[in-house]
Structures are given as C-alpha cells and as structure tokens.
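Residue numbers (this note's numbering), protein chains in the order written: chain R, 2 to 724; chain P, 5 to 274.
Only true hints are included.
With a Cα cut of at most 25 Å, we get these calculated DSS-like pairs of lysine-lysine:
#1 84/P / 550/R
#2 174/R / 185/R
#3 84/P / 676/R
#4 672/R / 173/R
#5 31/P / 557/R
#6 84/P / 706/R
#7 706/R / 137/P
#8 137/P / 663/R
#9 137/P / 695/R
#10 174/R / 48/R
#11 78/R / 618/R
#12 31/P / 706/R
#13 137/P / 676/R
#14 84/P / 554/R
#15 163/R / 78/R
#16 550/R / 31/P
Only some residues are given here: those of chain P computed to face chain R with a beta carbon under 10 Å:
#17 26
#18 29
#19 137
#20 138
#21 139
#22 143
#23 144
#24 207
#25 208
#26 209
#27 211
Computed footprint of chain P on chain R, listed as stretches where at least three residues anywhere in the stretch have a Cβ under 8 Å from a Cβ of chain P:
#28 595-603
#29 709-720
I should point out that these hints are in silico values taken from the structure, not numbers from a laboratory. We put the CB at the ideal spot given by N, CA and C, even for glycine.
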Amino acid sequence: MIKYLLLFVLFAETCFAQQNLKENYNPLKSSGTLPDVFTQNIRNVIKDDITELNKQKDNNKSIKRTYLTETNYEIEKIVKSGNALVNDEITNYLNKVVDVVLKNNQTLRNELHVYTLKSPVVNAYSYDKGYVFINIGLIAQAETEAQLAYILSHEISHYTKKHHINGYVENKKIERNGYDGKSKTDVLIEKCQYSKEKESEADIEGFKLFEQTNYNLKQAEKSFDVLQYAHLPFELVEFKKTFFETENYTIPNGYFLKEVSSIRNNSNEDDTKHTHPNTAKRKVTIAELIGNRDNSTRVNFIVSKEEFEYIRDLARMELCRLYLKRRDYPNALYAAYILANKYPQNQYLTEVISKCLYAISLYGKGTIKYNSDSYLEDGIPSHSDIESYPQQLYYFINKMPNNEWTIMSLNYVFRAHQKFPANKKLESYSDSLFKLIGQTNWGIPDFVRVKKKPVVAKDTVVVDSLKSKDDIKSKTDLIANIQKETIVRATDTIYYKEIYTDLFMNVPEFIGKFPTPNSDNASSNTGFSTYSSRSSSITKKSKNEESIKAQAKIEKVLLLEPFYLKVDDQRPEEFQYTESDERQEKFIETVNDCAKRINFETVTLDPGLVSSTEVEKINDYSVINDWFAEKFDANDDAKNPILNTNEIDRVIEKYGTQYVLKIGIVNYRAKSGIKRTYYYSYIYDIKNNEVVYKRYVIYRDKDTKDLINAKVYQTFYELKHSK
Amino acid sequence: MRSKLFIFIVLLSHTFVFSQAPGHLGKRFVLGYAFHTSPSVFNANAKNETIIGRGGNSESGNVAFNAIHELSMEYAISSKWMVCFSGRYYKTICDNAESITVDNGYNLQSSRPNGYYNIRGLTYTLYFKYYGKRYVAPWGRYVMFGPAINTSKTSYDSNVMNIKGANRNSFNYNYRDTLLSDFGPKDQNFVGFNLMLGMGRSRIIANRVVLDYGVTIHVFSVMSGLFDAGDIRFGGSKISMNNYIESTVKQRVRGVNRFNAFLKIGILLF
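Modelling step: build the complete structure from the supplied sequences, incorporating the hints.
Below, the structure is given as structure tokens:
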C-alpha cells in the first residue's frame, strides 16, 4: 500500500509540479514510461503493416508498401531524435486538449499519440499511424487554448482522412506519369494543388470536430493569423535600449532606429506553388463555416487559462534555447528580452541574454562564423530584412561597433554574475568577456575608475539627430549624415567611459579580473584558450581520406548511435531502410565486439536500444544531440562555443567520459554499378569542444564484413594506443 | 649477415612498439597455401604441349599451364607492412628444343635431343607486403617484393632423352646408327637468384580465413623474356651434350616463374 502511495506521490509530483518561472526554468525533459514507439522493433511493425495491407483490395499496394516502410522509419527517426517529448508538462497539456476535442469519440482518441517536438518552427503535422507532432514554436505563438484545439482538430482530420498516405500515393503517381510535355514546375504545381485540396478538407473537417466542443469558433479563424505572422516573434514588444543601460551608461540613440518598418501583409499571396492555401482563403472558408452560428457561450479556454499561459511560457522559454541551438542569437535575445520583462528575476533568461551578448561579441570579432551549413547562412541578417520591433534589435547589433558591444556585454554579464554568483556559466562568460576586452587596443586605462561628476550627455545630443540610412532621401542628407556619423565616431569613445565606474569602486573581483595593458589577457593574441582552433592538426591525405590522430589518452568513449545506411540507385527506392536497419544492428555488434577484443571501454547510448523504463537515456541522448546540432550548424572544425545546453557537464559526469564516438558507414551503389563505402569515426571532446580523433575513408568497394571489422578495430586500436 | 639480421630485428621490434592496429582484429599471423599458375609459353609440360611450341614434339600449340604450389607464413608488423616467407614447389619438364654440337664426327639426324628432362623446382622468397592507404594488413590491397632463390633439380631418362646419329665405320666406310644419351649426371642441381614483385588483394572471411589473390613476377625473368623467346645467348661455351641441361634449365625455370597469377587460402592463426 505504501509502495503504491509513494508511486502516486511521485506520479503526482511529475504531473502537477510546476516550475517557478519567476526564478528559473529547467529545460523540458521526457519522463515516465516510454511508449511502444520507442521500444518496438521497427522491422516487425513494417512487416505487420504490410501483411495488413496485403489483405486489402487496393490498386496501389506497391506504392503503399514503400510508404509504410518509409513512414515507419520517418516516425521512428522523429521520435528517437531526442526532440520528441514524452510525459512532459507540455505534452500532457496537449493531450488534455485532445481529450476535450475527442470527448465524444473515445475510439479515435485511443488511436492518437500526441507528442511535443522541440523545434522552433511554427508547425504541426500528423501521420496515418495516429502520431501527431506539435512543435514548440507553434505552442509559443498560440494565443488561446482554443487555437491549439483547432490546430489539433485539423491534424486529427488529416489522420482520419488518411491524407498522408493518399498524398504520398498521389505524388508518386504524378511522378510516375512522367514529365511528358510538362516542366518540373508543372509537376510541382500539380502536387501542390492536390496538397492544397487536402489541406482545405482538413480545415473543414477539423472545424466540424472543433465545433463539437465549447471552444470559441472565432479562434479557429484567428489561428490562421498565428500562422500568417509566424515569422515574427511570439510577441511584439518595443526593444528599449534602457534594458542594457545602467546608472553611468547610456547608449547613444544613434544606434537605434527612429521608426521601425511596418508589417507586410501577404495573406493573399500567390499560393500556386505552396502546399497550403494562403491564409486569406483559409480564413474565408472558416468564416463561412462559422456563419451565423451562436458563439456567445463558447470560451477560449476549457482546460485552464492559467495552465495554457504557463505551458506557453514554458514553450517560450524552451524556444530561447532552441534559437541558441541553431545559433540564431538575435531571435534568442529578443525572445528572452520579451520574457525577461515578465520574469525579470529569472536566472535562465539572464543566462540566455548573457550567452547571446557574448556570442554576438564573438561574431563581431570573427570568432563565430556561419557557412552554408548554418541556419543563418550569411550570419546575422541586416535589419532591412526584419519587420516591426525586432528590427530595432537587428539594427542595434549591426550598428554598434564590436568593441562597444563587448563593453556593453561585459557590463550586463558581470552584473548578472553578481546577481547569480552560484551560476558558473555566467562567471565563465564574464571571464571570457574580460579576455575579449583585454585583446582590444581601445585604451583600457581610459575607463573612469573613480566617479567625479555625472556624465554629460553632450555627445548624445549629437547622436540623437543622426538619421538612419533608411531616412536618407537625398545626397545632401547623406553628406550630412556622414558628417554626423564622424562626430559619433569621434565622441563615442566617451559615452561608455564610466560604464564600470561603480564596479571599479565597489567590486574587488571586477578590479582583479579587469585586464591591464600589460596583463596576459591584454597581450594575448591567441583569443580564448578554450576556443582556439586546432584545425592545423588535421591530416588530409587525399580526397578519399582524412584523419586526426588522438593526441590525448582516451580510455573510454560514449558510443552515440552507430550509423549505417545503404543507398542503391539501381533500385526504385534509393534508400534501403530495412536493410540499413538490419546492417545497423550488426554494425553495433561489430563495434562493441571490436572494443571488447581490445579491452576498450565503451558505453552505448542509442535511442534504438532503450527499454520502456530508460527515459533518462532518451533525455541524455537529447542533450548530446542538441550539443551536436549546434556544433554541426557551424563549420565542423570550428570551435564555436556551444551555448544551448548546460547539461552536458552532467552527462559527462554520469557516463564517466567526455569523449563521444560517432561512427558510421554509408554504402552506395550508383546506377552505373560503381560501389562506394564511406567509413567515418569521429571522437568529440564535448567538454573542451573539439574533435580529438577523426578517420574518414572512402573505399571503391562493397561494405564487406572484413572492411568493417578492419576499420572499426583500427579505430579502437589507435585510441587505445594514443599517447 | 649479422648486421642484416640486426637491422631486421630492430625494424621488427620498432614496428611492434609503434605500429597501429596490426593484424585483423588483433590476429597477425597467416599460414597459407597458394596455387600459382601461368601459361606455359615456351618449352613444355609433361605432355609436350605448349602454347608456342618450338621443338621436338611440342609444335602442337595446345594450351598448357605451369602449376606452382606454395606454402607461406606472413606476419603483420604494422598496419601497413607484413613480413613474409614462402616456399614454392613445382614439377615440370623441359622439352628439348636447343641444338647441340657434337664434335666427334657423328652425323646427327637432328641437332635437337629427343624427349625431355624432368625439373623439380623450389623457390624460397623472403618478401614484404605493403598495404595501400586506407587498408590494414592483412586486409586489403597491397604490393609485395622481395628476393627469391630459385633452386631446381633435374633428372633425365636416357631412353627418353637422346639423340639419334650415325658415324662412318673406318673399315668399310659404312654409316652405323648410334644413340647418344649421355647428358651428364642423371641428377643435377642448380641455384639462381631473382627479385619477386607482386600485387594482390586479400579478403578475410569469418574473421579467420584469408582469401588472397593477385599476380607475381620475377623481375630478372621478365627482363630476360625477350632473349629467351629469341633464343639469344650471351657468352658461354657452345651447347654440348655435357652442358645441355645446364644451358637450358635456367630458361625453363625463368619461364615457370616469370609471371603467375595466384589464389591463396590462409588461416589467421594468432
């Protein structure tokens, strides 16, 4: 009895304990028992599905068999990516909303599996197997519970109408019918047309489901506004420079726009090549359905308004982290700024803002780089590409010189460190900013260390009249503006002179850490010791081979989901999912066998190998996956700081190693019959953020067992015998 | 010799200490049997059949092949290098095709001896295999090279190998048939030196069986190939009955070892 009571208390705590967002936020985690989709053998599932399909009379069995294989693997990939949340607060809440929507249809309710996906994209989608995924980005944007309920109804309708499989079959048919007389664009339009029809059907069917509840029908229409303005932050709040100002520090107005641009209305845009009808059309459809229906007794919240707002704030907090993960620092900063107005004492938000300031300082110095692999391919966008209030922030980032940004960042981060002295991350960012300041040549002794008299805003007056480039209409305006800009440049060395005065006067730690012209920090030219590049040690032997030899003794590695993929261009479906899956199982055995033969310690962390009670492994996998997602957003060899997760230290401690081995094989057969086998094994030091071992080889051969054995064994041998 | 041995031991011990992943899954020693074969272009096999016959009864032009059996020991001293030792054995014949000179006034029916003589050959090779980049010994593509000692033992049967001739009787001046069959000792031993080069590919089945295939050449044999084909000789005395075998056996041994394709089955022992 006591055991059951304890279990209930534990369950209740898990389900009902809310985070105190006023103080802090802990990133979302899965909990409880993992559902079958995590533990089932995917090949058996596909086999069963195909057996079931074969019993039916269907003219498209061949296409549907492929669909079933691909979709099952796709669902497995999503669920086991570490991004799907199970039994967390948001998912539990979404399930409550689905309960409300399907109150009268328990059979359908039991077929559905709703999960939250840790993605900043404003989207939701469903599969024919009853899996519905709602992105964090969408939840963060929702205005009411009723809007979420309508979006869920829409997705449920996709499931009940089997849109996913029918869409797949239709697309395949369009492709198979060929391009006779049609251009690629024609085929695309044909596919989009079909997709739009199904979306419209889901809008209507979803509405029918939605109207069976007591939710406000108008919210269905409003939900399209949420989608329409998904590119804007979840709230439009004026970005005020006072947020970063302190008693002795006033940021010149010249770094801010007088006016921000208006929001473009493209609700009626051409949707010929879109998979969804434009929002104007969709709104009209819903408005017609609402018609004269009585909406007076209907409500925006049925589960709970407080819970919705709490859940949405959780999503918004998580969103900041997701922006950091794809190194979208301006969006992360703006989201955290909005939330910080509501939760000014929240440590997590302070940390997010500090991370963003620090990262933008590094970006300005050229330490953080973006490339074609990055989400922000060209780096931080120009303010002219941004609409409304966020434009102010982008303008500010691009306008303020990097040295001044670093000074401002240190001011914010050091004070944050003072506010949360136990937070080691804040301390490390603050220390790194001290180093950055030490590397500059702007005359460190010029900072006022003892307060003499209040700062005169003489310079500010000049700056106030500086026009933004958008305001400049004529040549003479341009000349005048350049002249004023020159004055700003001449005097802007003054406005921040007293920024640290109170810290110099009162905080010994600040005085001790602040670099002097002759200190190591000031003279260092190598940048951060922790983030220096080691790309010179990479040996590129040929286009078919690249390697880095381990320089440090590695005795144990965390084996992260060994990868195996077979691609065959000679077959109708190039990706051989089932065969890859079978080979992957054997590959994992081989990797472990080779490690065992050489007495090399490995710990396997593979979401495909968890039991229903091992939810913590999924959480750990998610942390590492997030680490790698941010790592891979940049150039592989760069040492850009990883900012989205603080939990990596916990994972290192838990598994007893800071080395993560990513190992895999891709086997490819071209239409011409040429065979290639790609083998890679990388070891990342997730503590020091660097690649410590790398072996990448291409063979003009099949993926024979001896090849795999030889290469995997060689990897472990080299690690075992590294100096 | 002692200094060469010392260098070899130093090389071996050095590779033990600093080598990377030698052997397949830690196993370095391969004991193998190989079958080498090549077309028998000149001279003969036991049936007097060659692709290009040149003498005696061997003008048939049928396809014939040399066959060599080999036992080898191979040891991976690093991820790239293997040190190996092998013994090749072959049994063949030399179809007599060379003209000889008889000085004692015999009138020969043919300057070429009839028949053939037998050859048993043993070739000892100390060689090194070097595995290509991306491969790990003993798996993958490799080239090999090393010195080879060719030993051969010949024997002949005077009933088979002989020369029919006639000499004039000094009393009645009639010619009398006679059979010349003394080609020196019945068993004769010869030793030669060569340089083996080869390339191949080895695969490993079930982590235990090594399947190795490739080609080998003996460099000096290849270099002398044109001379052998043209029957061009440099220096040396005229071929007489006494030195006939000595003069012809090397050509045949070179022919056997000149170029061979091989298939080897090995066992990864430890």
